[in-house]
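**Student:** Taking the hints into account, I'd like the entire structure generated from these sequences.
Chains as they are written, first to last, in my numbering: chain F, 1 to 187; chain D, 188 to 638; chain S, 639 to 956.
The hints are simulated quantities; they were obtained by calculation from the structure and are not laboratory data.
Bear in mind that the values here come from a model prediction, so they are computed numbers and not experimental data.
Check each hint, because a few of them may be wrong.
Sample of chain D residues lacking proximity to chain S, with all beta carbon distances greater than 10 Å (derived) [stated by the list, open to error]:
id : residue
1  : R410
2  : F482
3  : Q495
4  : Q530
5  : V574
Computed from the model, here is a short list of chain D residues facing chain S with C-beta under 7 Å [said to hold, decoys possible]:
id : residue
6  : D404
7  : G405
8  : A409
9  : G412
10 : F413
11 : V472
12 : D523
13 : E526
14 : P528
15 : F529
16 : E531
Derived pair list, reagent style DSS-like, types lysine-lysine, alpha-carbon separation capped at 27 Å [to be verified]:
id : chain 1 : residue 1 : chain 2 : residue 2
17 : S       : K716      : F       : K95
18 : S       : K903      : F       : K138
19 : D       : K324      : D       : K457
20 : F       : K160      : F       : K32
21 : F       : K95       : S       : K801
22 : F       : K186      : F       : K173
23 : D       : K342      : D       : K525
24 : S       : K893      : S       : K903
25 : F       : K138      : F       : K32
26 : F       : K138      : S       : K687
27 : S       : K906      : S       : K865
28 : S       : K906      : S       : K801
29 : S       : K893      : S       : K859
30 : S       : K903      : F       : K95
31 : S       : K687      : F       : K95
32 : F       : K32       : F       : K173
33 : D       : K320      : D       : K381
34 : D       : K189      : D       : K381
Cβ atoms here follow ideal geometry from the backbone N, Cα and C, with glycine treated the same way.
Spelled out from the first residue to the last, the chains are:
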Amino acid sequence: MPTPMSPQPNLPTHLPALTPEQLIDRLAEQIKPHIESNLHADCALVGIHTGGVWIMDALAERFRVVGTPDIPRGVLDIAFYRDDFSRIGLHPETKPSHLPFDVEGRHILLIDDVLYTGRTIRAAMNLLFDYGRPATIKLAVLVDRGGRELPVCADYVGLKLELPADQHISLEKSEAEGLHFIMKRKP
Amino acid sequence: MKIHIKNGRVIDPASGLDAVLDIYVAASHIVGIGAPAAGPSQGRRSAPSGGSEAWGPSIPADFHANQTIDASGLIVCPGLVDLSVRLREPGLEYMATLETEMHAAAVGGITSLACPPDTDPPLDEPGLVEMLKFRAKHMPGPRVYPVGALTRKLKGEGITEMAELTEAGCIAFSQADAPLIDTQVLLRAMEYAKTFELSVWLRPQDPHLAREGVAHDGVVAARLGFPPIPVPAETVALSTILLLVRETGARVHLARLSSRAGIEMVRHAKQDGLPITCDVGIHHVHLSEMDTADFNAHCHLIPPLRSQRDRDAIRHGLEDGTIDAICSDHAPVDDDAKELPFQEAEPGATGVELLLPLTLKWARETGLPLTKALGYITQHPAAILGVDAGRIGIGRPADLCLFDPEATWVVNRANLASLGKNSPFLGLEMQGRVQYTLIDGHLDFRRGNHH
Amino acid sequence: MSANLQLTDDGRLRHLLTLDGLPARILTQILDTAASFITVTDSERDVKKVPLLRGKAIFNIFFENSTRTRTTFEIAAKRLSADVVNLNINASSQSKGETLLDTIANLSAMQADMFIVRHAAAGAGHLIARHVAPHIHIVNAGDGRCSHPTQGLLDMFTLRHYKGPFHNLRVAIVGDVLHSRVARSQIHALTTLGCPEVRVVAPKTLLPRDVENLGVHVFHKMAEGIKDVDAVLMLRLQNERMRGSRLPTAGEYYKHWGLTPDKLKLAKPDAIVMHPGPMNRGVEIDSAVADGMQSVILSQVTFGIAVRMAVMSILAGN
Chain F
1 MPTPMSPQPN LPTHLPALTP EQLIDRLAEQ IKPHIESNLH ADCALVGIHT
51 GGVWIMDALA ERFRVVGTPD IPRGVLDIAF YRDDFSRIGL HPETKPSHLP
101 FDVEGRHILL IDDVLYTGRT IRAAMNLLFD YGRPATIKLA VLVDRGGREL
151 PVCADYVGLK LELPADQHIS LEKSEAEGLH FIMKRKP
Chain D
188 MKIHIKNGRV IDPASGLDAV LDIYVAASHI VGIGAPAAGP SQGRRSAPSG
238 GSEAWGPSIP ADFHANQTID ASGLIVCPGL VDLSVRLREP GLEYMATLET
288 EMHAAAVGGI TSLACPPDTD PPLDEPGLVE MLKFRAKHMP GPRVYPVGAL
338 TRKLKGEGIT EMAELTEAGC IAFSQADAPL IDTQVLLRAM EYAKTFELSV
388 WLRPQDPHLA REGVAHDGVV AARLGFPPIP VPAETVALST ILLLVRETGA
438 RVHLARLSSR AGIEMVRHAK QDGLPITCDV GIHHVHLSEM DTADFNAHCH
488 LIPPLRSQRD RDAIRHGLED GTIDAICSDH APVDDDAKEL PFQEAEPGAT
538 GVELLLPLTL KWARETGLPL TKALGYITQH PAAILGVDAG RIGIGRPADL
588 CLFDPEATWV VNRANLASLG KNSPFLGLEM QGRVQYTLID GHLDFRRGNH
638 H
Chain S
639 MSANLQLTDD GRLRHLLTLD GLPARILTQI LDTAASFITV TDSERDVKKV
689 PLLRGKAIFN IFFENSTRTR TTFEIAAKRL SADVVNLNIN ASSQSKGETL
739 LDTIANLSAM QADMFIVRHA AAGAGHLIAR HVAPHIHIVN AGDGRCSHPT
789 QGLLDMFTLR HYKGPFHNLR VAIVGDVLHS RVARSQIHAL TTLGCPEVRV
839 VAPKTLLPRD VENLGVHVFH KMAEGIKDVD AVLMLRLQNE RMRGSRLPTA
889 GEYYKHWGLT PDKLKLAKPD AIVMHPGPMN RGVEIDSAVA DGMQSVILSQ
939 VTFGIAVRMA VMSILAGN
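**Tutor:** Written out as structure tokens, the structure reads:
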């Protein structure tokens with residue numbers, strides 16, 4: 001196990017010791033047995049905009065088996081299901097959700113970058129259910145940073161952190177650096 | 188009642204007088220005008236310049252003032268003469284009443300006014316006119332000169348008893364804003380008026396070309412989709428009227444011109460010697476269609492506010508004398524009839540209290556001297572009315588307006604005396620405010636906060 | 639001034655009254671958001687609504703009857719999970735003494751969050767917006783001849799969907815521009831979004847004076863007006879205009895300004911045909927064109943729901 005970053009409020013924020021790509025490798029290792037056991041069942045990957053979709057695509061690369069069809073992939077934008085709409089309004093860059101498969105009876109692996117309050121996952125599950133009744137939903141996240149406000153926990157976690165409320169970790173993607181973490185202190 | 192108005196800057200557009208003088212008023216008339224009298228209660232003043240040299244210190248014999256008004260810093264001019272003030276009586280008292288609007292007119296410095304016949308019922312019978320004159324006479328406020336209906340019920344069909352109505356007190360005959368579609372009736376009305384040498388006042392508007400219209404047919408109407416009133420609505424009607432004037436020789440006053448093309452036609456007709464005069468509304472001297480672009484129902488006026496070019500032509504027409512007079516076209520409207528979408532709102536603006544400050548504003552903007560500018564709201568309209576008003580002189584009626592040319596005030600609902608709070612100028616600052624109004628030798632209005 | 643009334647102090651949309659003067663960033667935001675809402679009605683979804691406006695009360699106040707427009711707003715509101723109340727207020731109940739503002743005050747007291755207003759007079763929405771409580775949003779669903787902003791937006795959505803960025807497009811608006819709030823909204827939107835050539839094609843009796851000031855090129859002949867355009871935006875000709883002093887007959891109008899397959903050949907081969915509906919087949923548009931390959935008229939209807947959802951959700955969140 002890597003050493004979780006210890007909360008040190010007076011110091012500048014630390015980046016996790018492992019890179020996102022390394023964490024995705026670890027996540028893939030955890031998930032693979034589950035995927036393989038369901039490979040012939042109705043299985044689908046669903047990423048949450050935006051970071052979750054990057055991770056989903058990276059995982060899909062790792063799950064690829066030559067000679068077999070790829071696992072179907074869908075994307076969710078939960079802007080229309082957020083519970084803070086009346087406080088902060090509509091997110092200006094809302095993307096369409098797209099699930100190119102029948103959700104009904106399917107085993108869904110829901111993927112996000114950072115698990116924090118659990119509200120995004122709540123919204124994503126509501127959104128999924130508006131498409132149909134899945135058989136199971138499992139949750140995979142790259143980082144679980146603690147601070148849950150809802151009874152949500154992930155089935156697969158790349159890295160577990162305990163960050164104070166004023167610290168934020170987010171996943172970014174750029175041409176130069178590829179996937180990388182950004183730590184910010186917010187009042 | 189004898190009143191001594193001392194140290195005012197007296198401006199009389201008719202004579203060109205502009206000097207610091209004292210005025211003595213007794214028994215409804217001006218009985219003396221002279222250089223400020225030296226007295227124990229005041230310092231000696233230097234001799235007034237300009238036109239005052241003719242005026243020696245002339246206190247009429249046996250003049251003992253009951254009241255002295257210190258007009259230092261004020262301009263003393265003839266009481267204003269307004270060619271169009273809707274008093275809304277009879278019949279439209281929910282908009283305003285005779286009492287309130289007469290008072291508002293006095294607050295605005297107006298001492299004589301003509302009221303159009305668009306009351307309910309219209310002023311088409313001598314009894315109605317007599318009643319109006321009687322009621323107005325027993326109220327404080329300006330002298331009221333009713334304009335009689337040209338046709339019965341203003342319907343544009345049968346002509347009224349113009350001779351009888353004149354005896355009852357009408358000074359002219361008009362359709363107000365009601366259409367007169369039948370040109371044969373118009374021709375005969377003008378012939379009949381000419382028979383008695385009566386004046387016909389007409390607002391040129393072709394009812395068909397203006398049908399359903401609410402705004403100038405220009406850029407703003409194109410943008411906002413207001414049903415338009417094209418300029419030819421004015422010019423086509425004007426051309427008919429001018430041809431009939433040529434035919435009949437009737438004395439016609441053209442009311443509320445709005446367009447450059449219309450003013451140009453009047454200019455030529457006057458050069459041809461036709462017996463016509465004309466006026467514009469004070470709002471049209473300042474505003475244009477651009478002021479309607481935010482759907483402000485207070486700018487829904489009759490005729491419509493036209494383009495900036497038309498507004499500039501109105502100013503030019505005033506300066507070169509094509510347009511004789513400016514009136515307030517006072518139209519108090521209750522809130523229920525104004526707080527509606529632009530095209531559904533009752534047209535018109537309250538005006539009696541803004542006539543003077545808006546005329547002063549125009550004079551400041553154009554650099555016109557007050558001796559000239561004030562003529563458009565005193566001497567000239569009085570001449571159109573054909574009454575002895577609008578001038579300052581010994582033996583003339585003591586109708587005077589004393590205003591502070593420097594005083595600034597913001598137009599708001601609370602400080603308008605008129606029941607009509609409908610003004611495009613709400614919230615805007617005016618410069619120039621009436622402090623005293625004398626009508627027929629009586630102090631009819633004095634502003635409370637003046638020294 | 640009219641633009642300011644629509645925006646909050648920090649430049650977000652507060653009311654949607656007209657497209658005249660709205661910045662391009664807001665128009666684009668609405669179109670982008672609408673694109674996301676398209677998927678809400680995807681066949682792959684069991685539940686064709688989202689919980690965004692759950693608990694909000696939206697009042698459809700129609701002073702001028704239009705079942706069609708009212709229904710599109712109603713569907714849009716319901717897809718956002720809002721509660722919808724429909725009110726048709728005809729002119730006669732208005733004339734019984736209750737003023738427009740009385741009506742609005744009464745409805746405001748019923749805890750409304752948004753009013754969708756259709757009215758026969760230009761600027762009715764502006765008047766209401768000036769008088770409502772600050773938390774209430776107004777959407778103009780058509781005011782006189784002035785503006786019909788959601789129709790203009792759905793037309794822009796459709797154009798962008800089929801034809802891509804606006805800066806490459808040549809667009810002709812054909813028909814009764816004079817009486818058309820749709821045309822005015824289209825013109826403002828197209829010029830704001832950077833469409834380099836907006837044409838209007840109509841007889842002089844159906845064009846406002848000074849219409850060039852709105853930034854359009856004026857054509858009277860169809861053959862010239864729709865030549866090489868990317869899109870033909872047809873306008874509805876109201877029945878009452880067909881006979882009278884503006885047009886002699888529907889037949890003569892059809893002959894000169896009706897969109898037939900032959901005339902459409904003058905436009906670019908891949909030009910699209912739009913119409914705000916309801917259509918007068920055989921008057922302004924030939925059935926062969928209305929139902930033809932180049933017609934996107936039914937897509938307009940579908941997109942209209944998404945655009946109205948976008949407008950309502952952006953407003954409710956601001």
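**Student:** Of the hints stated earlier, which fail here?
**Tutor:** Hints 1, 2, 4, 11, 18, 19, 30 and 34 contradicted; others consistent.
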